[in-house]
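Participant: Chains as they are written, first to last, in this note's numbering: chain A, 69 to 467; chain B, 69 to 467.
Please note that a few of the clues may not be correct.
No distinction is drawn between identical chains; accordingly, a pair holds when it is met within one copy or between any pair of copies.
[Unchecked claim] Listed below are the simulated DSS-like cross-link pairs for lysine-lysine, each with C-alpha atoms no more than 30 Å apart in a straight line:
hint, residue 1, residue 2
1, Lys-205, Lys-349
2, Lys-93, Lys-349
3, Lys-92, Lys-198
4, Lys-117, Lys-197
5, Lys-460, Lys-197
6, Lys-205, Lys-460
7, Lys-349, Lys-333
8, Lys-92, Lys-267
9, Lys-333, Lys-460
10, Lys-117, Lys-333
Think of the hints as simulated: they come from the structure by calculation, not from any bench.
Number of protein chains: 2
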Amino acid sequence: MRMVEEGVTFPQGFLAAGVEAHIKKKDVDLAVVYSEDPCQAAGVFTTNKVQASCVSYTRRAVEQGPVRALVVNSGNANACTGPQGVEDTIQMARLVAGELGIEPHEVLVASTGVIGVNLPMDRIAGGIKKACSQLSKDGGESASAAIMTTDTVPKQAGAELTIGDCAVRIGAMAKGSGMIHPNMATMLAFMATDCAVDKEALDRLFREVVSRTFNQVSLDGDTSTNAMALLMANGMAGNHPLTAADPEFPVFARALEYAASQLAKAIARDGEGASKLLEVKVEGASSDEAARTIARSIARSNLVKAAVFGEDANWGRILCAAGYAGIPFRPEGVNIYLGDLQVCEHGAALPFDEAVALEVLRQPEVLIRVTMSEGRGEGVAWGCDLTYDYVKINASYRT
Amino acid sequence: MRMVEEGVTFPQGFLAAGVEAHIKKKDVDLAVVYSEDPCQAAGVFTTNKVQASCVSYTRRAVEQGPVRALVVNSGNANACTGPQGVEDTIQMARLVAGELGIEPHEVLVASTGVIGVNLPMDRIAGGIKKACSQLSKDGGESASAAIMTTDTVPKQAGAELTIGDCAVRIGAMAKGSGMIHPNMATMLAFMATDCAVDKEALDRLFREVVSRTFNQVSLDGDTSTNAMALLMANGMAGNHPLTAADPEFPVFARALEYAASQLAKAIARDGEGASKLLEVKVEGASSDEAARTIARSIARSNLVKAAVFGEDANWGRILCAAGYAGIPFRPEGVNIYLGDLQVCEHGAALPFDEAVALEVLRQPEVLIRVTMSEGRGEGVAWGCDLTYDYVKINASYRT
């Protein structure tokens, strides 16, 4: 397996474009991704009880499958927009289908941006027309830029591997950056592959991958109305279709997870106002899920995040945040490390060199490792520090 | 019922003192409260899996009852301090018992402050001796000051009412202010009354009151290792002991809840770096518990808190935070009000006067009201805004 810095057009048969539809004040803000062959699709969607209409629309399209295209706009989430919002989502799919000569139910739709404002459908229509006419193998980068909201950098990740005798490719893009600016809907991740995979195996695998990667990113703890992660697999690599029992399935699974984790880390690193990436590893929990839950609780804690910003080796906050994750464990079995430096043993203080701790905390990536004595469960979560800029960015937007 | 600004020594038979034990660098930091007659006690304790030894000790003393005294130190939480920490908690109870001629199991113990450092027991012992020698009816105020950590003001609340022909009094003190400074253990609340109340009725009532008041305060979302709320009832008012079936029980219940809610609001108002008190009312939820959970989710949202700081009428964030509380509801049945100004109708945007919204958000107390169409459940939560000062206070402490 080889990791590459490529996006959604890296796998065979995928074309894309990102264009200026003038939904935002400036910059590209509408992306279309198109696959020459029909795709098996898998999706994981926000659990928020308030969901934008694109969430239910796209969930249905994924379930029905196969799909051919994806349209995403930034700048307006089309959430809390009533019956008109539902109509506008359907219209986006219709417009793309019309341009590409496919069916509306083959088009996945995602939106991100301000809540509570109806989409400017004339500009959306113009953008869709333009994007569909510009689809190309080089369009992955502009597509990844067009889905950004308060993200400061586009986020792409890819991988190349061999299944049987076939070269198989994975390419992906994502946007994140807290719930941010106005009421930007947090996280969107779009993964594409030319691997042929059995639909049921793809579904299950994608759920697992998302639970270990995108769901482990905690920026400000708020869960958006629009978040979704989608995977499209068009099978154009020509490999024998993988089932979960196939001996080569784990190779594909690892590559997919690796690409997803690269994006998850990129999202955390680019959290609103963030100056540091925070990686929290929990080992020895009662299960992998327990470990992931505890890791998220630590990565989400305002007190831990503020201490990382202040480069303060405050392990008490880490143990405390582990304690309120809702997962039982024995505190006396807990050790805590900052990087390689142990700062807590058996749940109690351990004398440590403050200068070494400061050196660890000064790095742009800070690793917190927590070991427990409950079992063999492992999990990682990513977050960022809590900074003055976070408050500044979020204190006002609409004005 | 009459509300008064009095503390724990307001009810008959309660004496208190707050002294300088030199656990903190300055100020009073050790309090003792004593009741001339034995007390029925009730307690609600932190649900964090990492608990200071005083939590299990005091829980047992409350269960066993009756109790006579309470000792609290600030500046050191005696949490994550191993077997020595357990021994020190017991020793605190023994020292108080020795001074007052009572039994150690009649002494409730609470600590708040830095995590992971053993108590300076020589200074604790000196402080206990001094406090026990200074117990008086005037000592409530110094006791309320001695339990403070990063609180900027002491917090007391009291009430006077009549049960039968007897004047009954309630007096209380609390400390809050985020998890703050170092790893200060959040919330401690101590309520005293001279009302005679049946033990079982007292237990159940106190649990209900805490669930509607102290548990509805969300400062930074972190739940401490040391939080507890205690109620001591010595029966010295001479009323017939109240049972839950007594027609006058609701009068006492209302007074107790009112005093507790005054303290809960005072804690929220004094959150770390807070410039505004945030009150979130949810009406029309499927149950009171559902309403309280949704209200907490809104009051806890970093995005809502930052918007209140920025005086930005960002109702989308409010609806979004309601949506991820984990409670099902129909978004199209939701209306949102800032003060009296409606800003969202049927889950969608409603044109409103920005100047009026700004006027509401400029006040030191901001009321967010959310109405739903699920049932008759109601609940209130309190929080504060997220400010630059919050980050500043929490970015470094140990250094």
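Participant: Would you mind marking each hint as holding or not holding in the structure?
Facilitator: We went through each hint and held it up to the structure:
no.	hint	in the structure
1	Lys-205 to Lys-349	neither (37 Å within a copy, 52 Å between copies)
2	Lys-93 to Lys-349	neither (40 Å within a copy, 36 Å between copies)
3	Lys-92 to Lys-198	within (16 Å within a copy, 67 Å between copies)
4	Lys-117 to Lys-197	neither (33 Å within a copy, 56 Å between copies)
5	Lys-460 to Lys-197	neither (37 Å within a copy, 49 Å between copies)
6	Lys-205 to Lys-460	neither (39 Å within a copy, 47 Å between copies)
7	Lys-349 to Lys-333	within (13 Å within a copy, 37 Å between copies)
8	Lys-92 to Lys-267	neither (37 Å within a copy, 63 Å between copies)
9	Lys-333 to Lys-460	both (23 Å within a copy, 26 Å between copies)
10	Lys-117 to Lys-333	both (26 Å within a copy, 29 Å between copies)
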